[in-house]
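Chemist: Residue numbers (our numbering), protein chains in the order written: chain B, 1 to 289; chain C, 1 to 321; chain F, 1 to 250.
Calculated from the structure, these hints are not laboratory results.
Accuracy of the hints is not assured; some may be wrong.
Unchecked claim - Per the computed footprint, the stretches of chain B lying under chain C, defined by three or more beta-carbons under 8 Å from a beta-carbon of chain C, are: (1) 34 to 40; (2) 88 to 96; (3) 102 to 110; (4) 113 to 126; (5) 268 to 280.
What the hints assert, rightly or not - No more than 30 Å apart at the CA atoms, straight line, and that leaves these computed lysine-lysine pairs for BS3-like: (6) B:91 x F:133; (7) F:58 x C:175; (8) B:163 x B:182; (9) C:175 x F:133; (10) F:58 x F:22; (11) F:116 x C:175; (12) C:175 x F:22; (13) B:281 x F:133.
Glycine included, every Cβ here is placed at the ideal spot set by N, Cα and C.
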Amino acid sequence: MAIDLIQLLVGGLLLGGIYGLAAFGLSISFGVLNVLNLAHGEFLMLGSLASYAAFVGLGVNPFLSAVLIIPPFVLIGVGFYSLLLKPISEKPPHQLLVASILVTLGSSLAIEDLTSFFWDRPVTGIPYSLPAIEFSGIVVSSLRLLILLFICALAVSLQIYLKKTFLGRAIRAVTQCRDGAKVVGIPISHVSALTFGLGVALAASAGVFYVTLFTVTPTMGIPLTVKYLCVVVLGGLGSLVGSVVGGIILGLAEALTAYYLGAEWSHCIAFVLLIAILIIKPEGLFGTR
Amino acid sequence: MNNGRTSTILYVCIILLTAFLAALPWLLVSYALVWFFLFAVYLTLAVSYDIVGGYMGYMNLGHSTFFGLGAYSTAILLNHGLGLAPSLGVAVLVAAAFALLVGYPLFRLRGAYFSLATFGLISLMGILSNNLRDLTGGSGGISTPSGDHSVAAYYFSLILAAGTIVLSHRLARSKFGLALFSIREDEEVARAFGIPTTLYKCVALLVSSVPASLIGGIYVWNMTYISPSSVFGLEIALSPIVMAMLGGTGTIIGPVVGVAFLTALQELLWTKIPYLHLTMYGITMVLVGLFMPGGLVRISWVRSLVSRLGLAEQIDYFKAT
Amino acid sequence: MSNLLECRNVCKSFGGLQALAKIDLRVSRGEILGIIGPNGAGKTTLFNIISGALSPTKGSVVFNGQEISKLRANRICRLGVARTYQLVRPFSSLSALENVLVGICFGRPDAPSREKRVKEALAILTFVGLGAKANQAAEDLTLVEKKHLEIARALATNPQLVLLDEVVSGLTPTETSHLVNTIRGIQQRGVTIIMIEHVLKVVMELCQRVVVLNYGLQIANGLPTEVIKNPEVIEAYLGAESLNEDEPSA
């Protein structure tokens with residue numbers, strides 16, 4: 001019983017890390033573009049399927065594909081931005097809102113529907129395993145441990161990237177003040193495209209881990225995006241640490257719900273958490289929003 | 001604003017249309033009746049969506065939850081032997097209570113956050129209707145006592161659609177409507193000028209839930225079967241909104257135009273291509289978003305026609321398109 | 001007591017930043033009070049607190065003998081406090097008439113009947129010189145017209161106190177003198193006015209009394225002619241050199 005619970009909590013922690021990583025992608029692109037990408041969840045799904053295909057077809061190790069997947073998905077994100085979001089980016093705020101919701105939600109629907117058209121059965125995890133290790137009596141799957149380490153490493157390198165590089169600084173600058181950033185000569189549309197690409201790639205990379213542990217279905221994208229919203233509201237906008245903590249809270253909450261109420265209820269909990277936060281502490285757990 | 005003759009022509013058209021629609025059950029086969037019924041369902045949903053989405057500027061992507069709640073409540077009550085009218089009455093109350101319950105926290109979110117959260121309501125309701133098997137029959141859905149209500153349901157739905165249009169029209173000219181418009185324009189300023197914004201937002205959501213839940217009840221009464229995927233699915237959730245957007249939100253005529261346009265298009269396409277309907281919706285949404293977020297009624301020549309007919313209230317909302 | 005508005009020991013901080021510290025302010029009925037001070041001195045924050053957009057961290061605001069610092073903005077508006085915004089914020093896609101109607105319908109304790117409302121709204125628009133533009137969308141008006149529209153919207157609430165936030169800035173001399181006349185007209189209606197203003201000429205012309213803020217502190221309070229001679233004010237606000245400039249670039 002207790003062992004089960006611990007296993008479940010570890011699972012929740014991992015799921016939370018995955019959510020946090022993907023949600024951070026959503027949050028930086030919202031910060032820079034002022035557009036909430038309702039198709040964000042689709043990219044996690046696509047990343048999952050791509051790495052699954054790479055593993056089954058070519059035998060690519062999932063840890064390798066978690067890194068290899070980043071460049072092509074950055075390109076996909078840049079393409080998505082240039083084709084669909086750049087044309088509407090200069091519209092006045094209320095039109096931008098309406099147009100961006102239509103464009104991103106429409107793409108989300110199309111991606112979901114096309115994927116399920118071509119890929120009709122759900123993917124139940126990559127059959128990839130590593131020998132388990134025993135840790136003072138508790139058996140821990142070394143795959144899960146490795147994934148956890150990998151997510152941490154990815155988060156740390158991302159944090160360093162955002163602090164040290166030009167793009168990272170530009171992202172933070174544009175998030176704080178768009179006009180000011182423009183005035184000091186930051187090329188907004190380039191930064192927007194790259195940020196969007198980075199956000200998409202983070203989701204796809206998170207998707208690689210997702211598929212090694214959980215079942216992937218083509219229609220999971222939209223509910224996932226709602227979960228990211230919950231994570232962002234929990235952890236605050238634009239903060240990596242906040243996103244990861246928010247993600248972990250959600251992951252653990254889902255694991256506990258599944259344990260005590262049954263797995264069919266675990267997808268509700270994100271929404272319940274969201275409502276609870278909005279009533280109790282609308283500014284999010286970490287204050288500034 | 002509008003001169004006498006064009007408005008006379010408009011009224012004559014409306015009267016002729018009403019006569020035609022009223023006579024329809026004697027003229028046509030039942031297939032067409034169902035088609036017009038669904039047309040009225042979409043019209044009711046699109047116009048009632050627009051009260052919150054267009055007038056107030058809060059894109060409530062979860063509007064169909066009211067429809068689904070209305071349908072489920074009515075179905076459950078009909079199965080317990082209640083008549084149609086009391087079932088519908090309770091269904092409206094259930095949806096209204098739900099509107100207040102979720103409206104209060106969700107209206108703390110703005111813009112895209114609000115839209116995404118309300119969109120989440122759909123999956124929440126889907127999960128609930130799947131899981132609460134004793135009440136809803138789970139994923140197998142729920143059947144109501146059979147009987148041919150198609151003619152009565154047809155009339156009911158038309159009356160309800162017309163009623164919703166009248167309601168929306170009245171709202172646009174009322175004090176309450178003015179408050180909704182100013183919330184859309186600038187919520188903080190609206191509050192600074194005496195509008196209790198939180199209250200009004202919740203009331204607007206409540207008002208928009210009433211027609212949606214009623215038409216949901218009539219829908220299940222007519223169709224005698226619903227399932228989580230039919231009333232909490234993406235198609236019923238998004239098509240009225242896409243229709244309202246395509247026609248032009250924040251106007252009365254816009255949703256009507258959009259519903260007519262898209263249902264006609266569906267009729268031409270859907271029967272020929274039996275799959276990838278959601279993809280087509282998706283592409284429509286992307287195209288509307290990219291090229292005319294103001295909708296069909298704001299294309300310049302349509303706009304001048306519409307304003308000549310005196311239907312151009314609030315059309316200036318999307319000036320630049 | 002004839003004070004219409006009293007701020008007692010009002011403090012406001014945003015995180016670690018002290019935006020206002022211990023502001024004490026008394027405004028008597030019928031007065032025009034000017035508030036001046038360099039950018040970032042906390043002038044608009046003070047307006048936000050009086051009008052209820054923000055609540056003070058400490059202290060109280062008393063209007064007509066009633067404590068209002070805990071009330072929401074919509075309640076305060078109905079009690080008789082109306083404002084304009086530094087960067088104009090009319091309801092863009094609504095017509096000028098509808099903008100004013102919002103004030104009439106919601107900014108008063110009880111709204112007049114439908115016909116009366118429109119008549120009154122037109123009268124107010126005419127008063128500020130926008131009678132001919134009643135049906136034009138607010139976003140199509142020029143900047144001056146938008147500023148007048150904001151004043152009209154504020155007047156529509158039948159206020160006892162109007163807060164004018166830099167209404168003159170960005171206007172030409174002719175436009176300015178027109179607006180100064182309008183403000184006089186408002187005072188003649190028996191409305192008390194607090195105005196934030198950078199254009200000293202206007203302040204000298206209109207205000208009976210001036211309060212100077214600097215870094216959230218109230219550093220002077222008195223007759224306009226006296227206040228601008230106050231060395232502390234000159235140092236803080238105008239810089240060390242000159243008194244002759246009309247529009248110091250703070």
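Chemist: Does each hint hold? Answer for all of them.
Modeler: Verification of the supplied hints:
Three residues within the 8 Å Cβ limit are the bar, and the stretch 34 to 40 of chain B against chain C gives 3, so the coverage statement holds. Only residues whose C-beta sits within less than 8 Å of a C-beta in chain C count toward coverage, and the stretch 88 to 96 of chain B has 5 of them, enough to reach three; the restraint holds. Under the rule that three or more residues need a Cβ within less than 8 Å of chain C, the assignment of the stretch 102 to 110 of chain B holds, with 8 such residues. Chain C is given as covering the stretch 113 to 126 of chain B, and this holds because 3 residues of the stretch bring a CB closer than 8 Å to a CB of that chain, at least three being needed.
For a cut-off of 8 Å, the count of residues in the stretch 268 to 280 of chain B with a CB near a CB of chain C stands at 7, and the three-residue condition holds. The hinted pair formed by residue 91 of chain B and residue 133 of chain F meets the criterion: a straight-line CA distance of about 26 Å does not exceed 30 Å. For the given pair, residue 58 of chain F sits about 37 Å from residue 175 of chain C by alpha-carbon distance, which is inconsistent with the 30 Å threshold. Taking the CA atoms of residue 163 of chain B and residue 182 of chain B, the gap is near 20 Å; set against the 30 Å cutoff, the hint holds.
Proposed proximity of residue 175 of chain C and residue 133 of chain F is supported: the alpha carbons are some 21 Å apart, at most 30 Å. Under the criterion of a C-alpha separation no larger than 30 Å, the hint pairing residue 58 of chain F with residue 22 of chain F is consistent with the structure, at around 8 Å. For the proposed pair residue 116 of chain F and residue 175 of chain C, the alpha carbon gap of about 13 Å is at most 30 Å, so the pair holds. Taking the CA atoms of residue 175 of chain C and residue 22 of chain F, the gap is near 41 Å; set against the 30 Å cutoff, the hint is violated.
Under the criterion of a C-alpha separation no larger than 30 Å, the hint pairing residue 281 of chain B with residue 133 of chain F is inconsistent with the structure, at around 45 Å.
Hints 7, 12 and 13, counting from the list given before, are not met by this structure.
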